[in-house]
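K.L.:
Below are the chains, spelled out letter by letter.
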Amino acid sequence: MAIEYKNLLENLIHELTIINSMIKQSADVLSKGTKGKIDHAAIVHHSEVIVENSYLFSTQLDIVSYELNPKYIEDVENFGRRNLYGKFYKTILYFRRIAKKKNVKISISGDVKSLIDAKPVIDTLPMLILDNAVKYSPSGSEIDIEFYEDESEVQVTVSNIGPYVSPKERKRIFERSFKSEESIKLKLPGLGLGLSFLKFICDIHHAAVSVSCSDKTCKINDIIYAEFKLTLTFPKNRPVQVSVR
Amino acid sequence: MFSFRRKYQLDDLTAIVNTTKTDRASVQIAVIDDKTFPLLEDLRRHQYNITFFHDIERLSSLTDFDIIVTDIRGVGKHLGSNLEGAHLIEEVKKLFPNKYLVAYSASRFDATMNIYFSMCDRQMKKDADISEWVTLLDRAIQHLHDPLFQWEKTRQLLLSKKFSSAYISKLEKAYAKTIIKRNNKYLQRELEANTAWSEKPIAKVAVESITTFAAKFIAEIISAG
Numbered sequence: 001m002a003i004e005y006k007n008l009l010e011n012l013i014h015e016l017t018i019i020n021s022m023i024k025q026s027a028d029v030l031s032k033g034t035k036g037k038i039d040h041a042a043i044v045h046h047s048e049v050i051v052e053n054s055y056l057f058s059t060q061l062d063i064v065s066y067e068l069n070p071k072y073i074e075d076v077e078n079f080g081r082r083n084l085y086g087k088f089y090k091t092i093l094y095f096r097r098i099a100k101k102k103n104v105k106i107s108i109s110g111d112v113k114s115l116i117d118a119k120p121v122i123d124t125l126p127m128l129i130l131d132n133a134v135k136y137s138p139s140g141s142e143i144d145i146e147f148y149e150d151e152s153e154v155q156v157t158v159s160n161i162g163p164y165v166s167p168k169e170r171k172r173i174f175e176r177s178f179k180s181e182e183s184i185k186l187k188l189p190g191l192g193l194g195l196s197f198l199k200f201i202c203d204i205h206h207a208a209v210s211v212s213c214s215d216k217t218c219k220i221n222d223i224i225y226a227e228f229k230l231t232l233t234f235p236k237n238r239p240v241q242v243s244v245r
Numbered sequence: 001m002f003s004f005r006r007k008y009q010l011d012d013l014t015a016i017v018n019t020t021k022t023d024r025a026s027v028q029i030a031v032i033d034d035k036t037f038p039l040l041e042d043l044r045r046h047q048y049n050i051t052f053f054h055d056i057e058r059l060s061s062l063t064d065f066d067i068i069v070t071d072i073r074g075v076g077k078h079l080g081s082n083l084e085g086a087h088l089i090e091e092v093k094k095l096f097p098n099k100y101l102v103a104y105s106a107s108r109f110d111a112t113m114n115i116y117f118s119m120c121d122r123q124m125k126k127d128a129d130i131s132e133w134v135t136l137l138d139r140a141i142q143h144l145h146d147p148l149f150q151w152e153k154t155r156q157l158l159l160s161k162k163f164s165s166a167y168i169s170k171l172e173k174a175y176a177k178t179i180i181k182r183n184n185k186y187l188q189r190e191l192e193a194n195t196a197w198s199e200k201p202i203a204k205v206a207v208e209s210i211t212t213f214a215a216k217f218i219a220e221i222i223s224a225g
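Protein chains in written order, with our numbering: chain R, 1 to 245; chain P, 1 to 225.
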C-alpha cells in the first residue's frame, strides 16, 4: 500500500507541476501586460489558459481524493438534478485550446437538455474523458461527442482515434493502472487511474459503460491506432431505493 | 365501520405551493473560514446576504442565520475540540437542526471527516466556482422554504434517535394537518404530549424547530394569500 501511495503522490506532483507551469507562464505574461505591453487577444488567450488548467488541476485533486477516500463520493455526496450535456459543453470550451495545440478537433452533437439524477462528482466525468481522448488522439484526428436521449435514459458516445485495444484488453480496460499494449508504447505519463475512476462514477449512478475498438487499424510511428468508442448510458432517474419508512 | 374523518398525509403538502417568493437578500447566510473566502464579494454582488466570520466564539452567534457555510478545518477553535470545524458542524446540528448546513473543504481525502460531511445538507469543494456556489445557495434557499424537505430532515433525525415509526408517522400526520389547516395547534399538541423528551433532548429541539418552521411557513402562505 505504501508503494501505491508513493506512486499516487509522485504522479500527482508530476501532473500538478506541468499544470502549474502552464498557469505560471500565462500569469507571468498577464502580469507584464499590466504595464501596457500586451494586447486584448493575448489577455483573453492567457486568461483562458489559466482557467482551463485550473480545471485540470481540480480534476487531478478529485482523482487523488477519490483514491484516498472513495467512501466520500459514495456516502457523503448527495444526488441532485444535473445537466450532463451542459457539463460536456462547458468542458469542451476549456479543452478546445489544448486539443488545438495537438491539432485535434472536438465536436459535440445532439443537444440533450434533460437532467439526470447525479452526484457532484459527475462534473469530473467530461474532464476525465476529454483529457484521455485528447492525450491519446494522434495529430489531425477528431473527437466526436454524440448525445442521445429517450424517455428514460441519456446516452453519450465519445469516438476518437486512439491506440488499438484488443478484445482481451477491452475486458480489463476499467481496471486500476491498466494500460493497453499500444498505449504503453506512447510512454505518456499517468497511472492509468482515469478509466477506473470513470467506471466507479458510472457504477454509483447505475449507468452502463462500454467500450468498443474497430478492427480497421492504421500505424503511426509504429503504434497501431483504431477508432475507439466509449458509450455511457445514464438513467434519467435514479432507481427507487428501498426506504426505511 | 366507516370513518368520514379526513386523514392528513405528507403527500397533501405537495399541492400547497408557497407563493411567497424568497429573494436572496432576505436569507441570512453565515460563512465561517479562518482563511479568506475568495468568492465572498462575487456572491454578495449576486445579492446574497452574507456575513463572514473568521471563527465564532459561541454557537449563539449563529442563531439568526438561515444558512451556515463552514470550513471543516481551522474554525470552531473556541469550542475547545481538536475536531475544529467538524465539531462545530456537530454542535450546530444539535442546536439548530433545521438550519441549512453546508460544509466546504479541501479535506475530502480524509475518511475520518466523512461522518461530519454527512451531517450537512450539502458539501462543496474548496475550489468550486461561482456558478456552483450560486446553484447551491439558490437550492438551499428553496429548501429552507420547502415543508417536505424540512420534514424529511426531522424524520431522519428522529429515526436516528430510535423513535418508533408509529410515533414518527403520528407526528408526520400532525405536521401535515398543521400546514393544511394552517393551525399550529396540532403539532404543538404532539410536542406537549410526548413525555420522553428529557431522554432525547436533541430530538426535542428538532421537533420544536419543525414546529417553528410550520408556524413561519403558515404565516408566509397566509400573507401571500
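Derived from the structure by calculation, the hints contain no laboratory data.
Warning: the hint list may mix true and false statements.
[What the hints assert, rightly or not] Pairwise CB distance ranges (calculated):
#1 S26/P to G110/R: 36 to 42 Å
#2 A15/P to E151/R: 24 to 30 Å
#3 E208/P to Q25/R: 34 to 40 Å
#4 S152/R to D11/P: 21 to 27 Å
#5 S177/R to D11/P: 32 to 38 Å
#6 T135/P to G110/R: 51 to 57 Å
#7 S177/R to T195/P: 56 to 62 Å
#8 G80/P to H45/R: 50 to 56 Å
[Stated by the list, open to error] Calculated pairs, DSBU-like style, for lysine-lysine (alpha carbon to alpha carbon, straight line, at most 35 Å):
#9 K219/R to K236/R
#10 K181/P to K199/R
#11 K119/R to K216/P
#12 K77/P to K99/P
It should be emphasised that the depicted structure is a prediction, and the values quoted were computed from it without experimental measurement.
We treat Cβ as the ideally placed atom computed from N, Cα and C, and that holds for glycine.
K.L.:
Confirm or reject each hint.
P.N.:
Here is what the structure says about each hint:
no.: 1; hint: S26/P to G110/R: 36 to 42 Å; in the structure: holds (41 Å)
no.: 2; hint: A15/P to E151/R: 24 to 30 Å; in the structure: holds (26 Å)
no.: 3; hint: E208/P to Q25/R: 34 to 40 Å; in the structure: violated (58 Å)
no.: 4; hint: S152/R to D11/P: 21 to 27 Å; in the structure: holds (24 Å)
no.: 5; hint: S177/R to D11/P: 32 to 38 Å; in the structure: violated (49 Å)
no.: 6; hint: T135/P to G110/R: 51 to 57 Å; in the structure: violated (24 Å)
no.: 7; hint: S177/R to T195/P: 56 to 62 Å; in the structure: holds (60 Å)
no.: 8; hint: G80/P to H45/R: 50 to 56 Å; in the structure: holds (51 Å)
no.: 9; hint: K219/R to K236/R; in the structure: violated (40 Å)
no.: 10; hint: K181/P to K199/R; in the structure: violated (49 Å)
no.: 11; hint: K119/R to K216/P; in the structure: holds (31 Å)
no.: 12; hint: K77/P to K99/P; in the structure: holds (21 Å)
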